[in-house]
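Enquirer: Heads up, the sequence shown is in our numbering, so the first residue is 27 and it goes up one at a time.
Just so you know, the hints here were simulated from the structure itself, not pulled from any lab data. Keep in mind that the hints are not guaranteed to be accurate.
Below are the DSS-like pairs computed for lysine-lysine, each with C-alpha atoms no more than 30 Å apart in a straight line [what the hints assert, rightly or not]:
#  : residue 1 : residue 2
1  : 289       : 352
2  : 209       : 289
3  : 181       : 242
4  : 348       : 238
5  : 388       : 348
6  : 238       : 206
7  : 153       : 181
8  : 242       : 262
9  : 242       : 352
10 : 388       : 344
11 : 63        : 270
12 : 289       : 344
13 : 348       : 209
14 : 270       : 348
15 : 149       : 209
16 : 72        : 270
17 : 238       : 101
18 : 63        : 101
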Amino acid sequence: METNNTTTSNGVQNSHTKDNAAKIVFGDPVLCAQFLKGYTDIPLFKEIKPEDIENVSSHFLPLFQESRDSDTVNKIRIGDFEIYLIALIEHQSENDFDMSFRILRYIVFIWTDYAAQQEKLHKGITKSKAFLYPPILPIVYYEGTSTWSAPLNFKDRVFLSDVFGDYIPSFHYLVVPLNKYSKQDLIEKNDELSLIFLINQLQNSSEFHALKDIPKEYTEHLTENTPDYLLKIIGKVIAVLLHKLNIPDEEVYEVTDQITRRKFSMMFDNFQAYDVQETRRVSREEGRLEGRIEGERAGRIEGERTGRLEGEQLHLIKLVIKKIEKQCSAAQISEILEEPLDIIQQIYDIALCQAPDYNADKILKELNSKTVS
Numbered sequence: 027m028e029t030n031n032t033t034t035s036n037g038v039q040n041s042h043t044k045d046n047a048a049k050i051v052f053g054d055p056v057l058c059a060q061f062l063k064g065y066t067d068i069p070l071f072k073e074i075k076p077e078d079i080e081n082v083s084s085h086f087l088p089l090f091q092e093s094r095d096s097d098t099v100n101k102i103r104i105g106d107f108e109i110y111l112i113a114l115i116e117h118q119s120e121n122d123f124d125m126s127f128r129i130l131r132y133i134v135f136i137w138t139d140y141a142a143q144q145e146k147l148h149k150g151i152t153k154s155k156a157f158l159y160p161p162i163l164p165i166v167y168y169e170g171t172s173t174w175s176a177p178l179n180f181k182d183r184v185f186l187s188d189v190f191g192d193y194i195p196s197f198h199y200l201v202v203p204l205n206k207y208s209k210q211d212l213i214e215k216n217d218e219l220s221l222i223f224l225i226n227q228l229q230n231s232s233e234f235h236a237l238k239d240i241p242k243e244y245t246e247h248l249t250e251n252t253p254d255y256l257l258k259i260i261g262k263v264i265a266v267l268l269h270k271l272n273i274p275d276e277e278v279y280e281v282t283d284q285i286t287r288r289k290f291s292m293m294f295d296n297f298q299a300y301d302v303q304e305t306r307r308v309s310r311e312e313g314r315l316e317g318r319i320e321g322e323r324a325g326r327i328e329g330e331r332t333g334r335l336e337g338e339q340l341h342l343i344k345l346v347i348k349k350i351e352k353q354c355s356a357a358q359i360s361e362i363l364e365e366p367l368d369i370i371q372q373i374y375d376i377a378l379c380q381a382p383d384y385n386a387d388k389i390l391k392e393l394n395s396k397t398v399s
């Protein structure tokens, strides 16, 4: 599992940033209720209310003896009964084929603790005929892009289960894969959790801008009906998710600020979709490639060095042209590409003289001629 020590401008800190986002979701009763009603297809949960849900993770997780800070345990009241919900968060691209055994350990820990608590209240009750253990629903919330193919029944992880099946613990866990839901599916749910899931589905920053065509009715509903405290939670979750896409702090703050000010539509319209780290990496790699080709053609070490530099320049010019076509100013391009403004300004001025027929080679030639003179 990929780990990065991350502290966002919104105060969200965790070594597993995506896990952190999911933990916030399942730790909040409103969002958890939306999840149970909208994503589990269990009739018993259709009328569930946030006040029926109590997060008890802090009590159980130390007992699990695993480094699973993202997993949550909620106690749910249904009438006169209590149900325990274990939410395990997975975002790996590969399946965890030992998930059923991990869940089995969790279940045993919860039931052991439950029995101990009941014994404190009524000594000897667990040995009585009337005593029953509470049901436990294990859910795996899966954020990976591949299909979850690990066995859903623990019995399938035990050999000779076809012979000894009656004597092997047998239970299923529920998998809710995020990639199962299309953009339209989530929009139709029309709640705060659907917005978080829309953001969580993004694989790179350029996809964020594609969300600008979300129906106006969707954002208006969120604007009018979301309580203030929930806006702050959504802001924290989205901040975590945007940081994993290498979005600069300033842009993350702007997006989350628009959320807390109930300007959801502006959040999508104004977002600058780019990945600074990836842009610079591609620029360096392509520049090296073009420089290497040019150097090999010259056949001399000096030619290779010159060609490499020109290749990097040429690629930078092409990036500037793309940003000009998107009507970015020289200052904006300088900030996006993290290049000195004076260099970008020279390229920008030469390119504008060619508009709209930009030619990177001619710009490079003119740029070099001005440098020589």
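Enquirer: Assess, step by step, whether the Cα of residue 270 is no farther than 30 Å from the Cα of residue 348, and give holds or violated.
Expert: 25 Å, holds
Enquirer: Hinted pair, alpha-carbon criterion (30 Å max): residue 63, residue 101. Please report holds or violated.
Expert: Status holds; Cα separation ~16 Å.
Enquirer: When you check the alpha-carbon spacing of residue 209 and residue 289, does it fall within 30 Å?
Expert: This hinted pair holds, its Cα atoms lying about 20 Å apart.
Enquirer: Within a Cα-Cα threshold of 30 Å, do residue 63 and residue 270 meet the stated pairing?
Expert: Cα-Cα ~28 Å, so holds.
Enquirer: Taking 30 Å as the top limit, are the C-alpha atoms of residue 348 and residue 209 close enough?
Expert: With Cα atoms ~28 Å apart, residue 348 and residue 209 stay inside 30 Å; holds.
Enquirer: Are the Cα positions of residue 348 and residue 238 separated by 30 Å at most?
Expert: 20 Å, holds
Enquirer: Checking one constraint from the list: CA of residue 72 to CA of residue 270, max 30 Å. Satisfied?
Expert: Not satisfied, since the Cα-Cα distance of roughly 33 Å exceeds 30 Å.
Enquirer: Compare the distance between the alpha carbons of residue 242 and residue 352 with 30 Å, and conclude whether the hinted pair is satisfied.
Expert: 24 Å, holds
Enquirer: Just to be careful, I want the Cα atoms of residue 181 and residue 242 compared with a cutoff of 30 Å; is the pair within it?
Expert: 48 Å, violated
Enquirer: With the threshold set at 30 Å, check whether the alpha-carbon distance from residue 289 to residue 352 stays at or below it.
Expert: 24 Å, holds
Enquirer: Given the hinted pair residue 388 and residue 348, is their alpha-carbon gap at most 30 Å?
Expert: The hint holds at about 16 Å.
Enquirer: Would you check the hint for residue 149 and residue 209, treating anything up to 30 Å between C-alpha atoms as holding?
Expert: 53 Å, violated
In terms of the numbered hints stated before, the structure departs from hints 3, 12, 15, 16 and 17, listed from lowest to highest.
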